[in-house]
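Asker: Read off the chains here:
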Amino acid sequence: MSQGAWNAVFIIASFAAYIVIAIRSRAGSTKEYYTAGSGVSPLANGMATAADWMSAATFISMAGGIAVAGYDASRFLMGWTGGFVLLTTLMVPYLRKFNKSTVPDFLGDRFYSKGARLVGVICAIFICMTYIMGQMRGVGVVFSNLFELSVPMGVIIGAAIVFFYAGLGGMKGITYTQVAQYCVMAFAYTIPAIFAALALTGNIVPQLGLIGNAVEDGVPILEKINNINTELGFSEYTKGNLTKMNMFFITAALMVGTAGLPHVIVRFFTVKNVKSVRQSACWTLAFIAVIYLTAPAVGVFARINLIDSLHNTPYTAVPEWFSKFEKTGQMTFEDKNGDGIIQYFGPEKDQPNELTFGTDIMVMASPYMADLSPWIIGLLMAGCIAAALSTAAGLLLVISTSISHDLMKKIINPGLSDKQEVTSARLASLGALIVAAYFGINPPSSFVAKTVAFAFGLAASSFFPTLLMGIFSKRMNKWGAICGMMAGITFTLAYIVYFQFCGGTPEQYLFGITPEGIGFIGMIINFVVAAIVCAVTPKPPVEIQAMVENIHIPRDAGEASDH
Amino acid sequence: MSDSEQTTTHAAKYWWAKLRILLGILIVWFLVSFGCGILFREWLDANMIKIGNAPFGFWMAQQGSIVCFVLLLIVYNFMMNRLDAKFGYDEKGGDV
Chain A
6 MSQGAWNAVF
16 IIASFAAYIV
26 IAIRSRAGST
36 KEYYTAGSGV
46 SPLANGMATA
56 ADWMSAATFI
66 SMAGGIAVAG
76 YDASRFLMGW
86 TGGFVLLTTL
96 MVPYLRKFNK
106 STVPDFLGDR
116 FYSKGARLVG
126 VICAIFICMT
136 YIMGQMRGVG
146 VVFSNLFELS
156 VPMGVIIGAA
166 IVFFYAGLGG
176 MKGITYTQVA
186 QYCVMAFAYT
196 IPAIFAALAL
206 TGNIVPQLGL
216 IGNAVEDGVP
226 ILEKINNINT
236 ELGFSEYTKG
246 NLTKMNMFFI
256 TAALMVGTAG
266 LPHVIVRFFT
276 VKNVKSVRQS
286 ACWTLAFIAV
296 IYLTAPAVGV
306 FARINLIDSL
316 HNTPYTAVPE
326 WFSKFEKTGQ
336 MTFEDKNGDG
346 IIQYFGPEKD
356 QPNELTFGTD
366 IMVMASPYMA
376 DLSPWIIGLL
386 MAGCIAAALS
396 TAAGLLLVIS
406 TSISHDLMKK
416 IINPGLSDKQ
426 EVTSARLASL
436 GALIVAAYFG
446 INPPSSFVAK
456 TVAFAFGLAA
466 SSFFPTLLMG
476 IFSKRMNKWG
486 AICGMMAGIT
496 FTLAYIVYFQ
506 FCGGTPEQYL
516 FGITPEGIGF
526 IGMIINFVVA
536 AIVCAVTPKP
546 PVEIQAMVEN
556 IHIPRDAGEA
566 SDH
Chain B
4 MSDSEQTTTH
14 AAKYWWAKLR
24 ILLGILIVWF
34 LVSFGCGILF
44 REWLDANMIK
54 IGNAPFGFWM
64 AQQGSIVCFV
74 LLLIVYNFMM
84 NRLDAKFGYD
94 EKGGDV
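Top to bottom, those sequences are chains A and B. Going by this note's numbering, the first sequence opens with residue 6, and the numbers climb by one from there. Going by this note's numbering, the second sequence opens with residue 4, and the numbers climb by one from there.
In case anyone wonders, no lab produced these hints; they're calculated from the structure. On a predicted model such as this, the values are computed, not experimentally measured, just so you know. Even glycine gets a Cβ: it sits at the ideal position worked out from N, Cα and C. Worth double-checking, as some hints may not be accurate.
Said to hold, decoys possible - One side of the interface only, derived from the structure: several residues of chain A facing chain B at Cβ under 10 Å:
1) G75
2) Y76
3) F89
4) G217
5) S240
6) Y242
7) K249
8) P301
9) I537
Stated by the list, open to error - Below, in silico cross-link-like pairs of lysine-lysine (DSSO-like), each with a Cα-Cα straight-line distance of 27 Å or less:
10) A:K229 with A:K354
11) B:K89 with A:K479
12) B:K16 with A:K229
13) A:K424 with A:K119
14) A:K102 with B:K53
15) A:K544 with B:K89
16) B:K16 with A:K244
17) A:K479 with A:K105
To be verified - Covered, in the sense of this in silico footprint (three residues per stretch, anywhere, with C-beta under 8 Å from a C-beta of chain B), are these stretches of chain A:
18) 204 to 216
19) 282 to 296
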């Protein structure tokens, strides 16, 4: 079978599976639409959350990013996993006990204020919209590569599929499709890594291969990549360029941001009780770790193979796959010195670099470099699409429920019936998808890449500290919460906008902290402002204080329905 | 002592015991990630045993911390379930 046929088989088969699952588990009531009736098993929810969490960018670009940045990339590895420890110990068990369907719901009730709810709705929509644009773009790019469609056509097909099962099926529909998507992703990611590890290090476990020796000459893999990097004018892989200050703040901002992302938090409202929440969060992190522990190995192996097969190779003698990636523009060769030989050099070398490629190449090209059979490449393509679709679906759900439940039902029109609420959620998800697809087709230049800093910075400076104080402090009142949130968001947004869009220079950085890490400072500002305002304003009402005491006790977290 | 006061102190004791466990978990969380992976990395790279061929601090930053996070959550689950049972707040279900 040809490569095209294998790709089509895997993608059509996986889509058929998702659609069948979505139809079988579509939602009937708001409870099912928002939280899948709280009857999902901890294991299934763990897989679904892992799929939700790992976006197209994580799946395709993370390994390549690690390969280039070396030690510096540890901030993403630790930040995006360590956040789950905070999430599990400080957030989700208590929010689940509170037994409401959305994050703004908690803010509105705990801080007895429509203002707090509205701020929550705006933050949730903003965070999720910035995220979902990148996902739609990712789907479009993969589709266009595979079926030789235009990117806009790919985006539209992807949006239609997401609407079909997320918009119609709600939380119940997406949970079970995400379980299937996680399985596809995990196999698609680890199988090429195992083959690459075997070929390069003789070890079947990629993580052990990374700390082992090369088969060819017995040199440790990490020493090999360090040598390659210094020889070609890059900084040593195991060292790092970022200052300790920046490493600390960026890692911290990513961690607290992760613990405050609404589309991750709501996933834990789908399990039966508080005990299941803790169990499910543990499964989630374990499933995420499978991919995160493999990523550094994939990156290093692919970089060694790539440089090995391309550097100092005459352009006429390049491997077959090179032209494939050249055609799609993912790799380019420019013969600057006119000798017809590819030279790849880093910034510290004075010779010109002639080879450029994006971070996505390490994952996309590694099966070709390891000369794996076409069906593995087909599986990888299905994995890319699964990663993009699962994240897009989870984000879409938060946007639509924030609009239908928190904005429509709780603020604008309290008379809305259950059925009308579900209908408005579906309409809201259609609207959100159209906006996301528009930006997927016409990405505002490099805007999407920069907005990741926005999403994490906002979550870190708004949701994380405010939820934390709402859960752990009986004394925190609505004035403190609202002022704290406003102060945290304003500071973080202003800092990011100034440096990303208004031409701020690195010399002006506060304590030398980049916009990526500023969310952590925003969080501290939120805490301080909230504490000061709270100290000079009246205590919250007695029933609110009793409610806070009640969420500290795990028992009786509301009814669940069986699936 | 009235009934309601008794429940309050019972719940308060439970809450303090819980906070102690959380504090312990978060201290370890901080040490394995920020401590080993960032703050003391150079010292650990130079002075600690290597994991395979990887310097200790570097390995902690890229692999070890993630493994520790998973182990931490397993310990957390175990300790929380035991605490809930001890105070009579445990629930049926959630197995799998």
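Asker: Run every hint past the structure and note whether it holds.
Answerer: Quick rundown of the hints versus the structure:
The beta carbon of G75 (chain A) comes within 9 Å of a beta carbon in chain B, closer than 10 Å, and the hint placing it at the interface holds. The interface hint given for Y76 (chain A) holds, since its Cβ lies 6 Å from the closest Cβ of chain B, which is under the 10 Å cut-off. Of the supplied interface hints, the one on F89 (chain A) holds, with its beta-carbon coming within about 7 Å of a beta-carbon of chain B, less than 10 Å. Against a cut-off of 10 Å between C-beta atoms, the interface hint on G217 (chain A) holds, since the closest Cβ of chain B lies about 6 Å away.
A least Cβ separation of about 14 Å between S240 (chain A) and chain B goes past the 10 Å threshold, and the interface hint is therefore violated. The closest approach between the C-beta of Y242 (chain A) and any C-beta of chain B is roughly 9 Å, which is under the 10 Å cut-off, so the hint is satisfied. With a cut of 10 Å, the hint placing K249 (chain A) at the interface with chain B holds, because the nearest CB-to-CB distance is about 6 Å. This hint holds: P301 (chain A) has a C-beta 5 Å from the nearest C-beta of chain B, less than the 10 Å allowed.
This hint is violated: I537 (chain A) has a C-beta 24 Å from the nearest C-beta of chain B, more than the 10 Å allowed. Of the supplied pair hints, the one linking K229 (chain A) and K354 (chain A) holds, its CA atoms being roughly 18 Å apart against a limit of 27 Å. Our distance criterion of 27 Å between C-alpha atoms is met by K89 (chain B) and K479 (chain A), whose separation comes to about 25 Å. Restraint check: the Cα-Cα separation between K16 (chain B) and K229 (chain A) comes to about 56 Å, which exceeds 27 Å; the hinted pair is violated.
Distance check on the hinted pair: K424 (chain A) and K119 (chain A) sit about 23 Å apart at the alpha-carbon level, within 27 Å; holds. Taking the CA atoms of K102 (chain A) and K53 (chain B), the gap is about 44 Å. The hint is violated against a cut of 27 Å. Of the pairs offered as hints, the one joining K544 (chain A) and K89 (chain B) is violated, with about 33 Å between alpha carbons and a cut-off of 27 Å exceeded. Of the supplied pair hints, the one linking K16 (chain B) and K244 (chain A) is violated, its CA atoms being roughly 47 Å apart against a limit of 27 Å.
The suggested pairing of K479 (chain A) with K105 (chain A) holds, with an alpha-carbon distance near 19 Å, which does not exceed 27 Å. Three residues within the 8 Å Cβ limit are the bar, and the segment 204 to 216 of chain A against chain B gives 4, so the coverage statement holds. Look at the segment 282 to 296 of chain A against chain B: 7 of its residues bring a Cβ nearer than 8 Å to a Cβ of that chain, three or more, so the hint holds.
Of the numbered hints stated above, those contradicted by the structure are hints 5, 9, 12, 14, 15 and 16, listed in ascending order.
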